[in-house]
Structure formats: C-alpha cells, structure tokens
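Asker: Based on the sequences and whatever the hints tell you, model everything.
Spelled out from the first residue to the last, the chains are:
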Amino acid sequence: AQSVSQHNHHVILSEAASLELGCNYSYGGTVNLFWYVQYPGQHLQLLLKYFSGDPLVKGIKGFEAEFIKSKFSFNLRKPSVQWSDTAEYFCAVNARAPGSARQLTFGSGTQLTVLP
Amino acid sequence: DGGITQSPKYLFRKEGQNVTLSCEQNLNHDAMYWYRQDPGQGLRLIYYSQIVNDFQKGDIAEGYSVSREKKESFPLTVTSAQKNPTAFYLCASSVPTSGNTIYFGEGSWLTVV
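Chain order of the listed sequences is A and B. In this text, residue positions in the first sequence follow the working numbering: the first is 5, and each later residue adds one. In this text, residue positions in the second sequence follow the working numbering: the first is -18, and each later residue adds one.
Mixed in with the good hints, there may be bad ones.
Derived DSS-like pairs (lysine-lysine); straight-line CA-CA distance at most 30 Å [said to hold, decoys possible]: (1) A:Lys62 with A:Lys73; (2) B:Lys(-10) with A:Lys65; (3) A:Lys53 with A:Lys75; (4) A:Lys53 with B:Lys64; (5) A:Lys75 with A:Lys62; (6) A:Lys75 with A:Lys65; (7) A:Lys53 with B:Lys52; (8) A:Lys53 with B:Lys38; (9) A:Lys53 with A:Lys82; (10) B:Lys38 with B:Lys(-10); (11) B:Lys(-5) with B:Lys64; (12) A:Lys82 with A:Lys65.
Example chain A residues on the side facing chain B (calculated, C-beta under 8 Å, incomplete) [to be verified]: (13) Gly111; (14) Gly113; (15) Thr117.
In short, the hints are calculated from the structure, not lab data. The beta-carbon is built from N, C-alpha and C at its ideal position, and this holds for glycine as well.
Answerer: In structure tokens:
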C-alpha cells in the first residue's frame, strides 16, 4: 500500500521568507502527485499537480513543486511567502493504475503560519 | 456555478442517533468520495463510488453507510455504531480524464454530544 509522509507538522515563517514543505511517498509504480491547500474556514483547494513531463510544476499563487523520482519526493516551494499563505497544506499521491480511484492517499498535513 | 455542495455545514447529534450528511455535485463527475479529517491525521477515506449504484469501502468504513442512486448525489450516514463520529467530513468527486484530480466540497462539521 502506498503512504505519504509530511515531516513538518507546523512551520512558522515571517513574511518574505522562502518556503519548502517536504513530501515523500512510498510506491514503486507510476504516480500522480498533488498538493492541496486549506485556508482557515475554507474547503480544500487544488494547488498544483504532476502527472508527467517537466518535473517542476507551477501552481496557483506562486507555488511550485518538484518531483524527484529517485527520492520519491514532491516538495512544495515558494520563494517569498505572504501572510495570506497561512493555511494547512496536504500532499497527496494517486497510484496510476486501473481501478485506482481509491488509491489517492493524503499526508497528515503541514500547518503553515506566516507572521506579518 | 458548478461545484460540490455539502449540507448541513454544522450538525449536532446525540449519542445513539444516526445522521445523514448530504453531498450533491453538478460537475458530471462519475466518481464520488467521502473523507474524514481529524487534526494531525490528514484525510482518511470512508467510502467511494466510481459509478451509480456501486460503492466500495475505504480505509475507515466501519460505522458508516452510503448510497449512490443518482450520479450527482452521494449521501453519507453516520450510524450509532461509529465509535468516534465527531469530525469534519469532506465529500469529493473526480473524473478519470483529469488524472483523477479530486475536487472537494466545503465540508460538514459533525459534533456528537
């Protein structure tokens, strides 16, 4: 079974600092990778996704993530965070196989707090 | 507007009572899901349905039941058998052509008192 690890449970940064949130997964096959964000009081929104091609993917609001297959990682980055980036971030992995609809597995989430 | 609508947003239930959470989508997605979100545990899959009149148990199905009589509707019943039902419940849907990208509703808070 696949699993997803987000090692940082809570990250606190000042505005303009750079951000990198770690995500590692365990699955030997082909995967689709996602980052979701949940702003306070709001529903989960898709931030970015990787299916194939360029391993550096860009998402909304200046976020990007890099898929490194050899490291089974899909870390989320942003060069300069803003107070409005305060939210909980979830990494998710979907094994790309027939009938794999139920294989979307989420990490435990990372709470990001950006101090003004 | 297209999207996923969950109701009610907040619900209180007495112990021993069943409660049904509604989920409706007008995205024409084939697959629908119910997740439970608890602090520090991420999202855990309760049930999913890939097509009308068919559904499968997820990782934590005990104490829950679902139905999928219509493509756009996937209600979740939290039964009295669920030992720890107080949680935030998220409904979602997806379509395979988007790589199974899952889109979420706004969630329902269930508190058992």
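Asker: Which of the stated hints cannot be reconciled with the structure, identified by number in ascending sequence?
Answerer: 4 and 15
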